[in-house]
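4 protein chains.
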Amino acid sequence: MAENVFPLDPAKSMFEQEVPGHNRWHPEIPAVASVRPGSDFRMDCLEWTDGQVKNTDDANDIRDMDLSKNHVLSGPVEIEGAEPGDILVVDILDLGPFVPEKGAPEEAAGAGWGYTGIFARENGGGFLSDHFPEAQKAIWDFHGIYATSRHVPGVRFAGIGHPGLFGCAPSHELLAEWNRRERALIETDPNRVPPLALPPEPRNALLGTLPESERERVAAEACRTVPPREHCGNVDIKNLSRGARAYLPVYVEGAKFSVGDLHFSQGDGEISFCGAIEMGGWIEFGVDLIKGGMAKYGMNTPFFRPGPVEPRYSEFLSFIGISVDEEGNNHYMDATLAYRRACLNAIDYLSRQGYTREQAYLLLSAAPIEARFSGMVDIPNACATLYIPTEIFDFDIRPSEEELVARDLGRQASAG
Amino acid sequence: MAENVFPLDPAKSMFEQEVPGHNRWHPEIPAVASVRPGSDFRMDCLEWTDGQVKNTDDANDIRDMDLSKNHVLSGPVEIEGAEPGDILVVDILDLGPFVPEKGAPEEAAGAGWGYTGIFARENGGGFLSDHFPEAQKAIWDFHGIYATSRHVPGVRFAGIGHPGLFGCAPSHELLAEWNRRERALIETDPNRVPPLALPPEPRNALLGTLPESERERVAAEACRTVPPREHCGNVDIKNLSRGARAYLPVYVEGAKFSVGDLHFSQGDGEISFCGAIEMGGWIEFGVDLIKGGMAKYGMNTPFFRPGPVEPRYSEFLSFIGISVDEEGNNHYMDATLAYRRACLNAIDYLSRQGYTREQAYLLLSAAPIEARFSGMVDIPNACATLYIPTEIFDFDIRPSEEELVARDLGRQASAG
Amino acid sequence: MAENVFPLDPAKSMFEQEVPGHNRWHPEIPAVASVRPGSDFRMDCLEWTDGQVKNTDDANDIRDMDLSKNHVLSGPVEIEGAEPGDILVVDILDLGPFVPEKGAPEEAAGAGWGYTGIFARENGGGFLSDHFPEAQKAIWDFHGIYATSRHVPGVRFAGIGHPGLFGCAPSHELLAEWNRRERALIETDPNRVPPLALPPEPRNALLGTLPESERERVAAEACRTVPPREHCGNVDIKNLSRGARAYLPVYVEGAKFSVGDLHFSQGDGEISFCGAIEMGGWIEFGVDLIKGGMAKYGMNTPFFRPGPVEPRYSEFLSFIGISVDEEGNNHYMDATLAYRRACLNAIDYLSRQGYTREQAYLLLSAAPIEARFSGMVDIPNACATLYIPTEIFDFDIRPSEEELVARDLGRQASAG
Amino acid sequence: MAENVFPLDPAKSMFEQEVPGHNRWHPEIPAVASVRPGSDFRMDCLEWTDGQVKNTDDANDIRDMDLSKNHVLSGPVEIEGAEPGDILVVDILDLGPFVPEKGAPEEAAGAGWGYTGIFARENGGGFLSDHFPEAQKAIWDFHGIYATSRHVPGVRFAGIGHPGLFGCAPSHELLAEWNRRERALIETDPNRVPPLALPPEPRNALLGTLPESERERVAAEACRTVPPREHCGNVDIKNLSRGARAYLPVYVEGAKFSVGDLHFSQGDGEISFCGAIEMGGWIEFGVDLIKGGMAKYGMNTPFFRPGPVEPRYSEFLSFIGISVDEEGNNHYMDATLAYRRACLNAIDYLSRQGYTREQAYLLLSAAPIEARFSGMVDIPNACATLYIPTEIFDFDIRPSEEELVARDLGRQASAG
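Protein chains in written order, with the numbering used here: chain R, 11 to 426; chain P, 11 to 426; chain Z, 11 to 426; chain L, 11 to 426.
Check before you lean on any hint, since a few could be wrong.
Unchecked claim - Pairs of lysine to aspartate or glutamate residues, derived as EDC-like cross-links and limited to a Cα-Cα distance of at most 20 Å, are as follows:
#1 K64/L with E116/L
#2 K301/P with D358/R
#3 K64/Z with D140/Z
#4 K64/P with E90/R
#5 K301/Z with E412/L
#6 K306/L with D358/Z
#7 K306/L with E144/Z
#8 K306/Z with E111/L
#9 K306/P with E111/R
#10 K301/R with E90/R
#11 K301/L with E90/L
#12 K301/P with E90/R
#13 K301/L with D358/Z
#14 K22/R with D406/P
#15 K306/Z with E116/L
#16 K306/R with D406/P
#17 K306/R with E26/P
#18 K306/R with E412/P
#19 K301/P with E413/R
#20 K306/P with E90/R
#21 K301/L with E144/Z
#22 K22/L with E111/R
#23 K22/R with E211/L
#24 K64/P with E26/P
#25 K64/Z with D151/Z
#26 K306/Z with E90/L
#27 K306/L with D151/Z
#28 K301/P with D418/R
#29 K306/P with E28/R
#30 K22/R with E90/R
#31 K301/L with E412/Z
Hints listed in this document are in silico derivations from the structure and should not be mistaken for laboratory results.
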């Protein structure tokens, strides 16, 4: 069996682990384990907020979250022989929430449950913040491969589990470039709420086993973990699921590979910010190297091959969005807007079936929905499409001549 | 067998047909046939440019195209009993290029062949115009369900056939709204090349059987066919393929349904403007009505259900793009940019396999590639992913330890 | 466009065509066309019984059929350069029922409709003859890729189209071997009804363009077309559908390839004898050769690769059968019996939903059901499984706590 | 998290567990746990032979196995309120080999490895015993969802995990019927090797917590666990995988549900007797009842719905078998023979690629191959097809014009 090179105690915060992980990116964070190319290994992960969200029926924890602690990552792991310019081949062999034998306490996300959150506009925001400014939450219960929720009844779906975030440490040069370009963006509108990007934040910076003497300096320059970047990072790609193979750039000696933000499931776009079903648990990797692969393949961003056991649905109800905004203004080839409109159209539709709009939003965030760039050339309107598997519902959601049934489907957990 | 309610002579221009179609949207274009809800019917279509593109080894026809003639559409067809506010249920029962028995001349696109074009920046442009400013072309030969190209050797794929464009006529009110919002956009940068949007263009306006006396007025206000709009129109959604069911808003008495722009295949985004494999041919529809459906379901844009016979590939090589532009500037949650970067990353990769960058671009436009909105909340970087089925290549394109083979894969058709 | 090397007049019998096909296998039947390896070509086909079955509401035509006329085949086609020992690579590029432009008369199967028949025990029989001794029929209407039936209402499914029968001519030696082994089987119970196998039958033998002088001799030794044999022949494999590639043994110079028995759809096993949806129409092939391939790959029976556009369903209700017969007797590892029991269990189930048992049998024959050899080692019971896609029904057929709805689903066409 | 109602110590034999399971079917074996309808629960399982097979490079353990100990089952579990005539709805929520936290010793099958065995004709036999009379073995290593083998190099595939065996206890009447019909079969050839069926065997009968006083009587009448029967039992259906829902007949008060024979993967037919990848591990179920369901649905054998996460392959190389035996004799509609021939044809083909015939046989047994009843009506030849996913091989196994590569692929583990 694959060795666990990063064991954690699920009853403790990442800050209190015997060997802590980290929640910032920096090349100097020391590796805490080492593996050989060609080998398999296992790592434990805590839920990304380090336990700030509880299995409750209100969303105050989402509303009041301290975002400076996120994401708590496991690692870094050194890959023997990896050098800058190599490609690190990473097989995501399997993953899951805490197994019963792990002894995780009931209150730990991943101990049989996970959550999806809509963040308040003032604290995190999200894709549809203008329409959903308040904190909301859904708790999902795990039944083997399936999830159900007391906050979104009437659905049961197979999760498309994946690590939301993984990658190798940036070099100093790359780190500086990230800081430069993100700072430049922030400066275009420094007081925006939610902010355009997140600068380094020394408060609550967790830097693994970095010597005390270096912490202040490193914390001031280490990058936040929120955006995906060219090393991979927080890509939140649901198709990096079981059996997938990722090809990652290596920027530092030993690669320094880290992982976190395990998701029981997620829809394309993870549209409500914390839109996946968040959990702690375990993940198993296999690694190998393509020496000098970055130059060989002209790689500047990761590529990957999806795995063979993604949930397979065949009937979908699909929604279209075009890049005309809610006020009727035309925007030129704006795919972000087109997808927002597709999401809103789907939410409108689901709300006719008995769901609150917040439930619909949470559901589209968490279930294995598909979202495609459909037309990107027909000026001025980008066209996006969103595909909801109809088989995940207990009832028939397809349009028909028959009258709409008035269903009581309860409501999500709200703040306040 | 379903009756052909819109027969065409494939040897003639749409302008010269006994009963001509149209190339603008306007509520007053008269219906030329009538069908009952619950019935199946067939229609012929000409290739969208009305025969301007030839089966040749240069791209001068693309470069020199008169865009004012596009798209030539078949219809309108009246659906008996349809009223504004209804949903028109449209089953795309099957479609294909010209059958041999139709007697289409060899030079007609659809007579065993189709094409994909990259439009010059000065005449049409496209998604990657900044990188591909010149006109380029690939001719595809049809082998039953498969396409191959002398201009992009080494691939064979099953086409995901679909009508790029269909929908019901807008009401006068809706038409006015389209004109208003698109004019407003154009006015933000009226001299841009390519333009931000296309205003009404009386030159080459084809208005079906509209009486001569009305033509000047109608041509001046009829909308162009390029963008997808809330009636559906030129959505270029590859998944509206065989067996799909679309739900369309009805805005005028009788619905006035039209169709055109048949595609033998297309990748998500149709990224090179005329990125599908364009053809003339036939299509078979079934129609029905959901009376008052628009209010019932809160519909403001079409929805649909994909069909069960889309080409099914299971191994993909996937590319990631984030919203950092080619010069290293960060853009806030810009999915259009993220997808552009994913496309460019894929083109980079394919160019290492022996393709010219133009061939790679044409291939990604035409083959059944998938493109997803993967992460839309991790500020500031949107994350897009593009999935190329590896099985469509004659050779193994997957990354490996082995040396890259130097392959001679010819080149596309170019202008000049 | 691919040339049609075997054009037919759908208004005429195969016996009356200008260039007739054949309905027996014999190496001396002359090739009527010739194609080069590497080329595509098209052939017309008539429905397998040469028009004996009509679009009516009784099954007298099935009951009274003259089986000596079947199957009427198109060809043979010579493949240039093919020699005994080669493998003929056959791509099934596409196929379909008669296109409207073909001008097939309404009464021709394939002109918008097809049929499925249960043959009477006294005239043909079938897999479940002991349970269904009388002739029955269902007419299916084609709606593009879909079929529906007035005789089996409540279902609509995408057809998995394929040629039921194709292959190369046997050598004289192989023909003699077929006759030897089938005669030996017949002699074990020569008076059985239905017979164990069909010996040569000069009556109604159609031998293509064979000279008159040879006909009597050849008709006396030519094999019937019913069973699949090592050349392929009447394999009735539904997965030899659009886009599939078959690898066939070549036994005679020029290969002499023939085809017939087009099916709009069929379930695994074609369980009611004429269990597919039978039709006339067209088929397009691509061919190539692997010289000396039979020895190279140790081939004694064809192999093939399925195509990428088979109808894709993901929800199934599955039935199990084990090799205990209807009287409670255990048979040792008898997969035929296990599958019969699985079919009967499925028929029992469907009959509770409102179908007659005959309708259920016809439906399982024609729809794209799957059937698997599940367990073949657990003595003494073979285990077979049958998978019905639940999405093909208008209503929910899944088991539940709710009461069964009494549905009136009409009935099939019967004889008498 | 679901409670484990049948915990086991993987370091001990099933005979030595604190609460032992059973290896015979009998209605009087007492339930050892109780669960409510609507609840989820977990059970541990040992590998079916109770640890007789080791992770070694010889097959002496297979050759010398004491078959009287098999299969060791976990349970019975009482379902509260279940009564004869009910349908027990069983969701297979998830399953897997031993997790690291379980502390299974390395030598326990399921602790990172499993095995596939060909049984000797004299001790167990199998589907192809006439061709493979000696004991052989392959050890498979688990890499998350994937399996590889040092005994069958060149392949890696995603396992289709499932319980080979589960079901409810028979009633006394049903048990008597099983004994009657199996004894009748044995008596037709009582000395056959391997035997036609297995009568009750008191030696090594494990009867759970049955009181000592009842053991002799019960052991003499309890049925063996090998064949699938109408209660389900050892069906070895690979598609009863993660997420599947089975509908089982209930014959006794409380249902008395048991499970065992976990498989990491298996091909259709499990063709080498112990053809799955055998392992110990855990399984999670959800249960519910349809009261009176057996009569309502006319159920006499289980039905089920497959799950949504079966490994998804799309390219196959397929082999055909017809019911003509190896000596050229025709058998009437014998699907068992047709499938045997398809298997042998596939083995022939794989042996040209460098595998020993035994390796090929082991591979077809263990990998997720598909096998279909293709034609069951074309007298006299049944037609079976076997589908090998080509993507599981490191090299290209498809037929081509190119020369065959001579590969050294080692060999399986053999006896002696």
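The hints, checked one at a time:
Taking the CA atoms of K64/L and E116/L, the gap is about 10 Å. The hint holds against a cut of 20 Å. Among the hinted pairs, K301/P with D358/R is consistent with the structure: their alpha-carbon atoms are about 19 Å apart, no more than 20 Å. For the hint pairing K64/Z with D140/Z, the CA-to-CA distance comes to about 26 Å; that exceeds 20 Å, so the pair is violated. Between K64/P and E90/R the CA atoms are separated by roughly 57 Å; this puts the pair beyond 20 Å, and the hint is violated.
A threshold of 20 Å between alpha carbons decides the hint, and for K301/Z with E412/L the separation of about 10 Å falls inside it, so the pair holds. The hinted pair formed by K306/L and D358/Z meets the criterion: a straight-line CA distance of about 11 Å does not exceed 20 Å. Distance check on the hinted pair: K306/L and E144/Z sit about 28 Å apart at the alpha-carbon level, beyond 20 Å; violated. Distance hint between K306/Z and E111/L is unfulfilled; the C-alpha atoms sit about 51 Å from each other, more than 20 Å.
As the CA atoms of K306/P and E111/R are separated by approximately 51 Å, the hinted pair breaks the 20 Å bound. Between K301/R and E90/R the alpha-carbon distance is near 12 Å, which keeps this suggested pair within the 20 Å criterion. Taking the CA atoms of K301/L and E90/L, the gap is about 12 Å. The hint holds against a cut of 20 Å. Distance hint between K301/P and E90/R is unfulfilled; the C-alpha atoms sit about 67 Å from each other, more than 20 Å.
Between K301/L and D358/Z the CA atoms are separated by roughly 19 Å; this keeps the pair inside 20 Å, and the hint holds. Note on K22/R and D406/P: the hinted pairing is violated, with a Cα-Cα distance of about 47 Å set against a maximum of 20 Å. Between K306/Z and E116/L the alpha-carbon distance is near 44 Å, which puts this suggested pair outside the 20 Å criterion. Restraint check: the Cα-Cα separation between K306/R and D406/P comes to about 16 Å, which is no more than 20 Å; the hinted pair holds.
For the hint pairing K306/R with E26/P, the CA-to-CA distance comes to about 55 Å; that exceeds 20 Å, so the pair is violated. The suggested pairing of K306/R with E412/P holds, with an alpha-carbon distance near 10 Å, which does not exceed 20 Å. Only pairs whose Cα atoms come within 20 Å are accepted, and K301/P paired with E413/R is accepted, the gap being roughly 11 Å. Note on K306/P and E90/R: the hinted pairing is violated, with a Cα-Cα distance of about 62 Å set against a maximum of 20 Å.
The hinted pair formed by K301/L and E144/Z fails the criterion: a straight-line CA distance of about 37 Å is larger than 20 Å. About 18 Å separates the Cα atoms of K22/L and E111/R, which keeps this hinted pair within 20 Å; it holds. Distance hint between K22/R and E211/L is unfulfilled; the C-alpha atoms sit about 53 Å from each other, more than 20 Å. With a C-alpha separation of about 19 Å, the suggested pair K64/P and E26/P falls inside the 20 Å cut-off, and the hint holds.
Between K64/Z and D151/Z the CA atoms are separated by roughly 13 Å; this keeps the pair inside 20 Å, and the hint holds. For the proposed pair K306/Z and E90/L, the alpha carbon gap of about 62 Å is over 20 Å, so the pair is violated. In summary, the hint linking K306/L to D151/Z is not supported, as the alpha carbons are separated by about 33 Å, beyond the 20 Å threshold. Taken as a hint, the K301/P and D418/R pair is broken in the structure, with Cα atoms around 25 Å apart against an allowance of 20 Å.
At most 20 Å may separate the alpha-carbon atoms for a hinted pair to count; K306/P and E28/R exceed this at roughly 58 Å. For the hint linking K22/R to E90/R, the alpha-carbon distance of about 30 Å lies beyond 20 Å, and the restraint is violated. Between K301/L and E412/Z the alpha-carbon distance is near 10 Å, which keeps this suggested pair within the 20 Å criterion.
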